[in-house]
Amino acid sequence: MATQAPSVNALEIADATVPGRIESVFLRLAPGAIVGLVGPNGSGKSTLLCVAAGLLPATGSVLWRNRPVAALAPLERGRSAAWVPQEARFEFGFTVRSVVAQGRYAHGDDDRGIDEAIAALDLGALASRPVNQISGGERQRVLMARALATAAPLQLWDEPLASLDPRHALEVLLLARRLADAGSTILLSVQDLRVASGLDALALMDSGRLRAFGPPASVLTPEALAEVFGVRVRTAAGLVFELP
Amino acid sequence: MILPARYARFALPGAVLLLAAMAAFSLATGDVRLGPERIWAGLLHRDAMASTVIWQIRLPRMAVGVMVGAALAAAGLIMQAYFRNSLASPDLLGVSTGGAAGAAVAIASGWAAVSLWSLPAAALVGSFAAVGAVIALARRGASTERLLLAGVALNALLGAVTAYILSRYTDLYQRNAQILFWLMGGLEDRMGMHVMIGLPIPLAALALWPLGRPMDLLSLGEQEAQSLGIDVRRLRRRLIAIAAVLTATATAIAGTVGFVGLVVPHILRLLVGPEHRRLVPLALVGGPVFVLGCDLAGRLAGGLRLGIVTALIGGPFFLWLLRRHQ
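Those sequence lines, one after another, are chains A and B. The working numbering applies: residue 10 is where the first sequence begins, and numbers increase by one. The working numbering applies: residue 842 is where the second sequence begins, and numbers increase by one.
Just so you know, these hints were derived from the structure itself, not from any lab. Possibly wrong hints are sitting among the right ones.
As the list claims (entries may be wrong) - Some residues of chain B that are not near chain A, with every Cβ distance over 10 Å (derived): (1) 859; (2) 886; (3) 890; (4) 949; (5) 950; (6) 970; (7) 1004; (8) 1007; (9) 1009; (10) 1043; (11) 1052; (12) 1077; (13) 1142.
As the list claims (entries may be wrong) - Quick list of the computed label-pair ranges, beta carbon to beta carbon: (14) A/141 - B/1001: 31 to 41 Å; (15) A/190 - B/993: 54 to 64 Å; (16) A/133 - B/847: 13 to 23 Å.
Claimed, not checked - Residues on chain A that point at chain B, a partial pick, calculated with CB under 7 Å: (17) 62; (18) 64; (19) 83; (20) 84; (21) 87; (22) 92; (23) 100; (24) 101; (25) 102; (26) 103; (27) 111; (28) 114; (29) 115.
Beta carbons are placed, not taken as given, at the ideal position from N, Cα and C, and that holds for glycine.
Based on the provided sequences and hints, a complete structural model is requested.
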């Protein structure tokens, strides 16, 4: 579990500050867990993910498997962690397949795991379509497939479920579970707190600070929900989605 | 994509054949018409007259045309990937104008007469200054509007530098004529010397050759590329240096030739898709095909300068692109 402190951390962020966006964040994730990043809009979730991915300069330190990211060669970074942006702008009409194959750049091969990644995200029918001619949700799945193709043990996904239909959202969560069972660590930001409550652990961001970290039940307390999100929580019967 | 994937691999051999045909045509056409046998005899110095025409006039002209075409097409391709915008190109962004302004300063001040290399060096400085300004004004991943506005502003500014020089030194007619040459762009009276000055072009092309795949990743976003294992800062520095050297050298040997960097990459992308591993070699071959074709068209039309022909073709093409872009 992410709350224990094993000898090797998949990701360790210490005292990370990006002026005006996040402030003195400490976060430590164990291997093999799905950790949700929750918080209101503008609370610093995307920034924290960028910092975790080593894409945004921040004070403090970021370690992957106990090694400072800054000391890793670019190619090794590409093999160690995958980052999925919230949205992507595609100016050029690369085919879905060739975008997914870009995930293999750091490995120096073009074919390994591409078909599997395309199948895992249900993109088989779109494989030869240009990415600038598919829908937002489909594009999101292409980026996920590319992240999958990297086979990186640390997966950082920024709102991967935001534009997905219920079925593909469930499939992505199942995929995350499979990856975690195989030893990968997934840190993903989520808006839907009902989805978040089913993850292994949660990190709650509030105005650039990490307010709480731990199992969902200990993070999503009625007090925290009221204070951070300004909502009241109540259990009631509703729709439940499952894969057939 | 117009060509089905299975035919795309024939695009490069096809372009090479087309280039060979254009080159032969270019060597055959002129005041003295030469057939294949006489071209061959001239190349081997077996026919004194043909030999002079070929080696002194047509071969340098063709070689400079090939280098300029390859340089401008490749520079356009680089800038489009760098700015993630398919409307970026050396002339629209003011990089060619910067090179021309640098060349104009060198000619007017008399530096150009000091050494063979001072003119290309001045063009290089002008191009680099323009590149630096575009980067500062538009930032990477810039929207089409910002990028084109930055280009408009720079073209106006650098054009004013050239215009000032032209008006300031009206007494030196010969120098002004020389400056006007750069501004209109052309392949007339090219000599072995110009081929020599153009040598940085094949070197820069060689440096560009292996960067196709990294360019693919960069063209989809800076952070994405970095997360996938690209050293983005290093790649961008290399790309912009290569693009500036290509544009500046092309400008130094043939003046400002517009629209090649816009038209050629676009046509190639329509033919074989957006992957730069394919586009880099194709641009290096397709650029020369376009330039030699325009040069031939200009010669057959009674001596239109190259810059005029490329603009006559490129202008309407650009308008069509803008319409299609919406």
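Hint by hint, which ones does the structure fall short of? none
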